[in-house]
Amino acid sequence: MENQDKLLNDITTKEYEYGFVTDIDTDVIPKGLSEDVVRLISAKKKEPEFMLEFRLKAYKAWLKMKAPEWAHLKIPPIDFQETIYYAAPRTSPKYESLDEVDPELLETFKKLGIPIEEQKHLAGVAVDVVMDSVSVTTTFKKVLAEKGIIFCSFSEALIEHPDLIKKYLGMSVPITDNFFAALNSAVFSDGSFCYIPKGVRCPMELSTYFRINTAGTGQFERTLIIAEDDSYVSYLEGCTAPMRDENQLHAAVVEIIAMDRAEVKYSTVQNWYPGDKNGVGGIYNFVTKRGICRGESSKISWTQVETGSAITWKYPSCVLIGDNSVGEFNSVALTNHHQQADTGTKMIHIGKNTKSTIVSKGISAGQSDNSYRGLVKVMPGAINARNYSQCDSLLLGSTCGAHTFPYIEVGNKSSIVEHEATTSKIGEDQIFYCNQRGISTEDAIGMIVNGYAREVLNKLPMEFAVEAQKLLAISLEGSVG
Amino acid sequence: MLSIKNLRASVEGKEILKGINLEIKAGEVHAIMGPNGSGKSTLANILAGKSDYEVLEGEVTFLGQNLLELSPEIRSRSGLFLSFQYPVEIPGVPMVNFLKASVNEHRKFKGLDPLTAGEFLKLMRAKKDMLHLDTELTNRSVNEGFSGGEKKKNEIFQMAMLEPKLAILDETDSGLDIDALRVVAEGVNALKTTENATIVVTHYQRLLDYIVPDFVHVLYKGRIVKSGGKELAFELEEKGYDWIKNGEN
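Protein chains in written order, with this note's numbering: chain A, 1 to 481; chain B, 1001 to 1249.
It is worth saying that the hints were derived from the structure and are not from the lab.
Just so it is clear, the structure is predicted and the values come from calculations on it, not from any experiment.
One should not assume that every hint holds.
Claimed, not checked - The list that follows gives simulated cross-link-like pairs (lysine-lysine, DSBU-like), each with its CA atoms no further than 35 Å apart:
{"id": "1", "chain 1": "B", "residue 1": "Lys-1110", "chain 2": "A", "residue 2": "Lys-470"}
{"id": "2", "chain 1": "B", "residue 1": "Lys-1245", "chain 2": "B", "residue 2": "Lys-1108"}
{"id": "3", "chain 1": "B", "residue 1": "Lys-1025", "chain 2": "B", "residue 2": "Lys-1239"}
{"id": "4", "chain 1": "B", "residue 1": "Lys-1128", "chain 2": "A", "residue 2": "Lys-277"}
{"id": "5", "chain 1": "A", "residue 1": "Lys-470", "chain 2": "B", "residue 2": "Lys-1128"}
{"id": "6", "chain 1": "A", "residue 1": "Lys-57", "chain 2": "A", "residue 2": "Lys-346"}
{"id": "7", "chain 1": "B", "residue 1": "Lys-1165", "chain 2": "A", "residue 2": "Lys-425"}
{"id": "8", "chain 1": "A", "residue 1": "Lys-425", "chain 2": "B", "residue 2": "Lys-1100"}
{"id": "9", "chain 1": "B", "residue 1": "Lys-1221", "chain 2": "A", "residue 2": "Lys-470"}
{"id": "10", "chain 1": "B", "residue 1": "Lys-1018", "chain 2": "A", "residue 2": "Lys-425"}
{"id": "11", "chain 1": "A", "residue 1": "Lys-425", "chain 2": "B", "residue 2": "Lys-1226"}
{"id": "12", "chain 1": "B", "residue 1": "Lys-1100", "chain 2": "A", "residue 2": "Lys-265"}
{"id": "13", "chain 1": "B", "residue 1": "Lys-1005", "chain 2": "B", "residue 2": "Lys-1025"}
{"id": "14", "chain 1": "B", "residue 1": "Lys-1005", "chain 2": "B", "residue 2": "Lys-1108"}
{"id": "15", "chain 1": "B", "residue 1": "Lys-1192", "chain 2": "B", "residue 2": "Lys-1050"}
{"id": "16", "chain 1": "B", "residue 1": "Lys-1100", "chain 2": "B", "residue 2": "Lys-1245"}
{"id": "17", "chain 1": "B", "residue 1": "Lys-1221", "chain 2": "B", "residue 2": "Lys-1165"}
{"id": "18", "chain 1": "B", "residue 1": "Lys-1122", "chain 2": "B", "residue 2": "Lys-1110"}
{"id": "19", "chain 1": "B", "residue 1": "Lys-1108", "chain 2": "A", "residue 2": "Lys-277"}
{"id": "20", "chain 1": "A", "residue 1": "Lys-277", "chain 2": "B", "residue 2": "Lys-1050"}
{"id": "21", "chain 1": "A", "residue 1": "Lys-425", "chain 2": "B", "residue 2": "Lys-1050"}
{"id": "22", "chain 1": "B", "residue 1": "Lys-1221", "chain 2": "A", "residue 2": "Lys-425"}
What the hints assert, rightly or not - Example chain B residues on the side facing chain A (calculated, C-beta under 10 Å, incomplete):
{"id": "23", "residue": "Met-1001"}
{"id": "24", "residue": "Ser-1041"}
{"id": "25", "residue": "Asn-1045"}
{"id": "26", "residue": "Ser-1051"}
{"id": "27", "residue": "Ser-1076"}
{"id": "28", "residue": "Arg-1077"}
{"id": "29", "residue": "Leu-1080"}
{"id": "30", "residue": "Phe-1081"}
{"id": "31", "residue": "His-1106"}
{"id": "32", "residue": "Lys-1108"}
{"id": "33", "residue": "Phe-1146"}
{"id": "34", "residue": "Ser-1147"}
{"id": "35", "residue": "Gln-1158"}
Positions of the beta carbon are idealized from the N, C-alpha and C atoms, including for glycine.
Produce the complete structure using the sequences and hints provided.
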């Protein structure tokens, strides 16, 4: 035991692999937030009038709101006037080919392991790369366009499909939903827009890589996904950020709307800079993600693998309005060193025979703190609703924390809600067994943790699952000697 | 191959091994018998490098190296294999992945290239045939939901894959019905060569009907109190451990 603790304490961080800064000419507006800044962002993006109104309404609401304090997190005070709210690569025109793209930018992509050239040819992944808020290049658009699928940057959608945005923006996450959603609504810079028409199955995984680049820049992404009747789409979001000493604020909003019998799978692998081993630096990640199953028999599933950020505050949720609709949440959240995560989901059952499943796997190492927070709410009209929740926590060492905060509200008698929770420590016997077969302790822990998370990893698309497995092992490197 | 000199060891401050001496040569099968609590499993675990024990005194040499200075994984890669009394479950880790990692670590240690997926599967099939093993076990998670017999068969299967120089079978017969016992014993016998050696740790004589030892040692209260040929096992079976206990008094 002593030996094991020593191993776990001998923490020497592997340097964060994506900690590099790209030297690209950026267009930055002065830091701080005011009505003028909101107007400036909107003007810079040449937005339609309704968008400016939306932003101003959100800004005014935000001024009256307070940052939430209920999470099991120690959040240092954030000075919102010290943040830069807009930065875009100065080379704003769209490129016809990759040759025209800033070579430094391409170099960055290479370091991230997403060579666009290859991605173009690779089996069915279209990448809409968002770098410091403005979409730089979009691939595969033609293939998608033939099916009537729209997949583009949010700014582009505002110009080309303003009616769709006007109709659906704020439907899942209203302006006043919470402090961070209001902030995002006021200042969001760009993001992705995705529209799947009636009866269309999207033939490829839609993938977006987000990346925070400019020092001190808050990143406010906005994603809107609309799936019409009988459509299907699988959407992947991956994130990395370069190393910074200052804490960087990130407050994204993702909205999904699924109509009759539509299915949306949303997968995230998040490995933003978690801060160093002493807890200095790292991203503050306050995200609002919500999907509405508006149509009958529609389905929305969230799958997330969270290994990054200094602070994670995130509850991808489903509002099950349509009868027989289904919501799923599958999560692996790993915290190491001084990371803090308070994450989980909300499943709101409104329609009849609605079903939801929650599988949450928390992994804590170092001095980190990892909480699951979940709400299952069954409204009186949601007769025969079903929920199954399973929340497991795995502890590595004795200096980390794991907490589970389930909230269950059932408004009728025909519904069944089940909740199971376990907490376990990684077994010394398991590690010794691996050692006895020639496997080092570090590899053994990577293997055991991946085994523990497998149920969730299996829900990820193939190439993402491989990446996620490596990420789990890398994130724990140095958590044992 | 293995030389143990005056090995004394304790767990949680209590002395369990009180001076063990043992010499094992290639090609030999040694049985270590003794009543419960005599220190048999402690000896097996110390040889494999489990960290809960404290070695107080003594020397252990394995293939010319000071065994006690090697980490458990290096001991394994050097050719020491422990068949666990209670193989632990590792949920979610497929047996195939586990074994492949294990086999390739052993190969890397020997300066060999890792096996490709195809080569590995071929090797696995060959070993399964050799042991008449249920093919389904390797598709499941490591030991998860295995019956007692399946777990022990799985240990012997891993042994076949790794081809150790020295195999230590810790109470491999416990919890086995007669059919499983036969499969396990036949496997061990099939793997025996003049190059490797086996230590069979057991409470009962039963297993020794199938795996015939060259030497039998009786461990009692942390010491080897009697050594002899295979006939010693029969004598023990007949007279019981009281014979040894009384003999000491």
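Problem - Holds or violated: Lys-1245/B to Lys-1108/B, with C-alpha atoms at most 35 Å apart - result: violated (48 Å)
Problem - Satisfaction of hint between Lys-346/A and Lys-57/A, Cα-Cα up to 35 Å - result: holds (26 Å)
Problem - 35 Å limit on alpha-carbon distance, applied to hinted pair Lys-425/A and Lys-1050/B - result: Between Lys-425/A and Lys-1050/B the Cα gap is close to 18 Å, so the pair holds against 35 Å.
Handout entry: Given hint Leu-1080/B near chain A, where the shortest CB pair must fall under 10 Å
Key = Where the cut-off is 10 Å and the nearest Cβ of chain A is about 8 Å from Leu-1080/B, the hint holds.
Exercise for the section: Measure nothing beyond the straight line between the CA atoms of Lys-1128/B and Lys-277/A; if it is 35 Å or shorter, mark the hint as holding. Expected result: violated (46 Å)
Practice task
Take a quick look at whether Lys-1221/B and Lys-1165/B sit within 35 Å of each other, Cα to Cα.
Solution key: holds (28 Å)
Practice task
Assess, step by step, whether the Cα of Lys-277/A is no farther than 35 Å from the Cα of Lys-1050/B, and give holds or violated.
Solution key: OK: Lys-277/A and Lys-1050/B at ~30 Å, within 35 Å.
Handout entry: Minimum beta-carbon distance criterion (10 Å), Ser-1041/B to chain A
Key = Violated: closest Cβ of chain A sits about 13 Å from Ser-1041/B, beyond 10 Å.
Problem - Interface hint outcome for Asn-1045/B [beta carbon to chain A under 10 Å] - result: At about 9 Å, which falls below the 10 Å cut-off, the nearest Cβ of chain A leaves the hint on Asn-1045/B intact, so it holds.
Handout entry: Supplied contact hint for Phe-1081/B, tested at 10 Å Cβ to chain A
Key = holds (8 Å)
Handout entry: His-1106/B as chain A interface residue, shortest Cβ-Cβ below 10 Å
Key = holds (5 Å)
Practice task
Grab the minimum C-beta distance from Gln-1158/B to chain A and call the hint holds if it beats 10 Å, violated otherwise.
Solution key: OK, holds: Gln-1158/B within 10 Å of chain A, min 7 Å.
Going through the hint list in order, the structure does not satisfy hints 2, 4, 9, 11, 16, 23, 24, 33, 34.
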